[in-house]
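Undergrad: Use the sequences and the hints to build the structure in full.
Per the numbering used here, the sequence shown starts with residue 1, numbered consecutively.
Hint data in this document are derived by calculation from the structure and do not stem from the laboratory.
Fair warning: there could be bad hints in the mix.
Straight line, CA to CA, 16 angstroms or less: simulated EDC-like cross-link-like pairs of lysine to aspartate or glutamate [said to hold, decoys possible]:
1. Lys-265 / Asp-223
2. Lys-296 / Glu-285
3. Lys-265 / Glu-251
4. Lys-208 / Asp-223
5. Lys-208 / Asp-232
6. Lys-265 / Glu-63
7. Lys-75 / Glu-91
On a predicted model such as this, the values are computed, not experimentally measured, just so you know.
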Amino acid sequence: MYKNLATALRAGCVSALFSGAVFILSTAPFTAAPAFSQTAPVAKAPPAGPVKAGFVYVSPITEAGWTRQHDEGRKAVEAALGTQVQTTFVENVAEGADAERVIRDLAATGHQIIFTPSFGYMEPTLKVAQDYPNVKFESITGYKTAPNVAVANARYYEGRYLAGIAAGRMSKTGVAGYVAGFPIPEVLQGINAFTLGMRSVNPKATVKVVWLNVWFDPPKERDAAMVLFNQDVDVMAFHTGSTAVMAAAQERGKMAVAYHSDMRKAGPDAQIVAVTHQWGRYYTERVRAVQGGTWKSGNLWGGVREGLIRVGDFGPKVPAAVQQEVLAAQKAIGAGQLQPFRASDKAAVRDNEGHEVIAAGQSLTDAQILQMNWLVEGVQGKVAR
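TA: See the structure below:
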């Protein structure tokens, strides 16, 4: 889902994001329309018969992970709309030429809306969209819009902060590990938010990071986890694509935070909590918009408030008091009362090289979060340049 993302971001995609589309977040409870910056509707009339919705997946549908969550979103559309929708999915589609071929085929076979949840699908989606102006496209994790292309992504870092609270409460050593793919802003946001959450309950907590330079490689993910477990780490987080880290924690009698999906099947005793992204409501509203002839292009970056990020699925070892603390913090984030990247009134937030990155009493702007290129104090590791 993130192939070539590091290169693209270093080339300035963030500036393109803000110059290419207005970036507005909803101030109301989640609905698709208010959460978007919008252009004029493309459709002039609602389609007759069921809406044909296509979904393209970058990896196979497994029991847990990125693709699983998006397929759960597809199933939610079917459950909500029944005979009013007909869905098609194609899995394990490589980014690039293969993606363009599959997206084009879906457009050519009468699909009125096509969801492409992978960053590397952005350019193929835009290319096909030019040739099919009456088809609506949803580029998930993309940043370029067009009259018939909308983009959406989730504030994963909000869930990471909440997971950090849980990990901080469960760790006996005060040392966490973090297995990470590439040092792109989204991953750095997650590491920093996790560390800040952990340190909110244990100010002396530290987080050790291992970079893999790959998103999906179960043996490599497992090996990295094992190395960290040998370094006084007793709780683990990860930003990779498989359940390997969770399985390693189960094998070693340690604990880990699940990412993307509930992973209690892989780690029935090891899972602390799961940070999940929920696409069912968003996907359903977008299909309904096509059905009603009200679909509009736009740009959504949503989190807990918008229903896109959720933490839950606590493991059996997590005390009720810890669960309640985490869920209360989740509620506070949803209400706008808690911001992961806000410094206290008494002290600034510094990076792990001693530089001030958030002034006392201040919060990072969305632009600053999107361009994050540092690791917060408490993280042992460096950003690979």
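Undergrad: Take the hints in turn and mark each one as holding or not.
TA: Going through the hints against the structure:
For a cut-off of 16 angstroms, the pair hint linking Lys-265 to Asp-223 is broken: about 20 angstroms separates their Cα positions. Restraint check for Lys-296 and Glu-285: satisfied, since their Cα atoms lie roughly 11 angstroms apart, inside the 16 angstroms limit. Between Lys-265 and Glu-251 the CA atoms are separated by roughly 13 angstroms; this keeps the pair inside 16 angstroms, and the hint holds. Taking the CA atoms of Lys-208 and Asp-223, the gap is near 15 angstroms; set against the 16 angstroms cutoff, the hint holds.
The hinted pair formed by Lys-208 and Asp-232 meets the criterion: a straight-line CA distance of about 10 angstroms does not exceed 16 angstroms. Restraint check: the Cα-Cα separation between Lys-265 and Glu-63 comes to about 9 angstroms, which is no more than 16 angstroms; the hinted pair holds. Distance check on the hinted pair: Lys-75 and Glu-91 sit about 14 angstroms apart at the alpha-carbon level, within 16 angstroms; holds.
Checked against the numbered hints above, the structure breaks only hint 1 and satisfies the rest.
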